[in-house]
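Chains as they are written, first to last, in my numbering: chain A, 206 to 561; chain B, 62 to 407.
Please note: incorrect hints may appear among the correct ones.
Each pair of labels, with its calculated beta carbon distance range [said to hold, decoys possible]:
1. Asp-542/A to Gly-160/B: 26 to 36 Å
2. Val-368/B to Asn-263/A: 21 to 31 Å
3. Gly-220/B to Gly-335/A: 27 to 37 Å
4. His-283/A to Ala-102/B: 47 to 57 Å
5. Phe-358/B to Pro-406/A: 51 to 61 Å
6. Gly-459/A to Ala-200/B: 43 to 53 Å
7. Leu-196/B to Lys-409/A: 36 to 46 Å
8. Thr-348/A to Gly-160/B: 24 to 34 Å
To be clear, the hints were calculated from the coordinates, so they are not data collected in a lab.
Think of the CB as a built atom: it goes at the ideal place given N, C-alpha and C, for glycine as much as any other residue.
Residues per chain, in single letters:
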Amino acid sequence: MLRIHDAVSRRLLGLLAIAATLVAVAGCGSSSTSSKPAAKANPNGKFTIGYDVYWLGNSWSVQLAEEFKAAAARDQGHIKDVVYTQSDNQVQKQISNIQSMIARKVDAIIMTPISPTASVPVIEQAKRAGIPVILVAAQSNTTDYASDVRADDVVFGRTGAQWLVDTLHGKGNIYALNGLAGYSTDTLRFKGAQEVFKKYPGIKIVANAHAAWDTAQAKTAVSNMLASHPNVDGVWSQGGAMTLGAIQAFKAAGHKLVPMSGENSNGLMKAWKQLIDQGDTSFDSIGVVNPTWVGAEALTQTLDVLEGKPVKKDDLVNPAPITAKTLDRYARPDLPDSFWVNTKLGDADVKKLFAR
Amino acid sequence: MSARSGPRRPAGLGATTRAGLKPAIFVTLVSVLAVVVAAIASAPFRSSTNVESLLFQMAPLLLVAAGQATVILIAGIDLSVGSMMSLATVLAASGSAFGNSAVAVVAVVLLVGAIGGLANGLGVLSGVNPLVMTLATMAVFRGVALLVLGQPGGSVPSGLLTPLTNVYGHVPLPFVVALVAIVLLWFATAETRWGRSLYATGADERHAASAGLPVRRTILTAYLVAGLFAALGGLALVARIYSGDPLVGDPFALDSITAALIGGIAVTGGRGSVLAVVPAVLLLSLTDNLLNLFGVFSYWQYVAKGVILIVTLWGYHAAGSPSGLLAMARSGWRARDARAARGTKA
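Can you make the complete structure from the sequences, with help from the hints?
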């Protein structure tokens, strides 16, 4: 039931104005794309590199970006310019950022895919435009990238789980602390752990929570778990900050500490060292390493790709985990909890990062 | 009957349509100017890669902002649209559950969008504040999306993905669909009995009811439209991410509100034009796009968008058509009710 008014022409004018805008935008793309062949190797050139910072929302992601920046500063001889974008952990934004780098015709793109699937089309698009894409610290469901430098999350989960099972001699009730639902890191680490636990019927996960890789949330979650399942022999945690939260929760509840898997976060290293110094024998841990220096390694790979040197397509780095024996080499009591040990950052860079 | 719905629209709905569009001329001009300046200043901006990227990027926000605008027109708000978009993407990526049929997937997605929107509408009708109701459904939709697909991935039926990612010249199909859908929605809000009821309800619910307008049905359909357009927006997102992602829609809840306000939809309801979200979305997308191309650190994008929002609201204010929060500050509920009452007697 429509009622057309006499002012229709005026409204159409408004509509036309808006349509004109869109035609103007669309018209901009009139220059046709010629898909370049793959970039030619250039052994002595200087390159423009696009680096998409996927997030600056936690200390790990900040240090990852810092490792890259420091490496880029060390390697100025090969770099003309670095174009930085920041995706704020938003898939949509990352796609736009990468596409803006393609439009700017950078020589190579380094990115941390926020989503393994959503990143596929844009990586393929870059390849069609002749721009190699180097992935860092995460993976994508395509083979069109030039190289992927990361710690394998399944191995990460498995390493902590295997250590826990061995320490408990294959028997006991455990808590599982996961990260954030909906993130592939979370799923893959837990998958690795479950692969191990499935082989040991004596191991029972009596409580499981998502604590966002966060100390405070883990403390709350574990406090609740201790109330409902006080019989616990171990904790599998897929993050060092969460392990620290678990330690705090056990202490607050007056519960005897148990072996807990962990990560290379300085907060855990410091707490662990302190427990050893206090002579606590009920606690033990393992610092499974998710190195921030993959940021620096990604630059090495990128320059190798651009200079035509052979690179490993999947450069999986899973450094040896930190144990009670090697703990002293890594723990940094002089630095804050948010520092990630096993870094390639120089001491001056680290101090600068935490002086801010 | 139009005279009863308030003194600001004495000449009936045609006038409302004009009044809604007139302030948008400013935003339209600014966005056209921005396009022209950018095209001259930046070679990468003119590249086909960038233009396609920009239009692909605009499509989901256009759709969800148009739905949001409809709800804001009745003085409501819908925070759940972002989660509904995520839910739409994970449903689209669960194509195998629907026999990998593109038609079935689209039907299921739209049906879920409609049901979600209806749920919001029924909640609001039952007396729950729209902010609270849609905050709750936001959580529910997110939970369901995570239950359907716990992590990004899934596989979208190729029969759906191929047309979705189709590009005519440099204009992607989702963008065309978004424009057509918005023009249809604008026509419905501006020229039909439902649209009249929508504006009247937004201006003054009690008044519209006493004028014999189907207020309850209007509220219900407005939320239904928001749910449907969010679901469509989710499909437009699939064209960008080729997969499902249970969290991908999150930023759209607030972005859609921002776009609607920049488009001049008064947050107090009853004023503005759905069509004006088009230049608003263009302006917002250009901000990201240009700051990116000029290498400005992305945190400035947030600052820029915030400034644009405030500046445009001042613009509407100066043009004598206060919008958004300024309208709220200037005319409280009571003051407006009083004016509306005077309008009736006149």
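These are the hints, each one checked on the structure:
Between Asp-542/A and Gly-160/B the CB atoms are about 52 Å apart, so this pair departs from the stated range of 26 to 36 Å. A hinted range of 21 to 31 Å holds for the C-beta pair Val-368/B and Asn-263/A, which are about 28 Å apart. Roughly 31 Å separates the CB atoms of Gly-220/B and Gly-335/A, a value that falls within the hinted 27 to 37 Å. Between His-283/A and Ala-102/B the beta carbon distance is about 30 Å. The supplied range of 47 to 57 Å is therefore violated.
In this structure the supplied range 51 to 61 Å holds for Phe-358/B paired with Pro-406/A, their Cβ-Cβ distance being about 53 Å. The hinted range of 43 to 53 Å is not satisfied by Gly-459/A and Ala-200/B, whose Cβ atoms lie roughly 35 Å apart. The hint said 36 to 46 Å for the Cβ distance between Leu-196/B and Lys-409/A, and at roughly 37 Å that hint holds. Roughly 29 Å separates the CB atoms of Thr-348/A and Gly-160/B, a value that falls within the hinted 24 to 34 Å.
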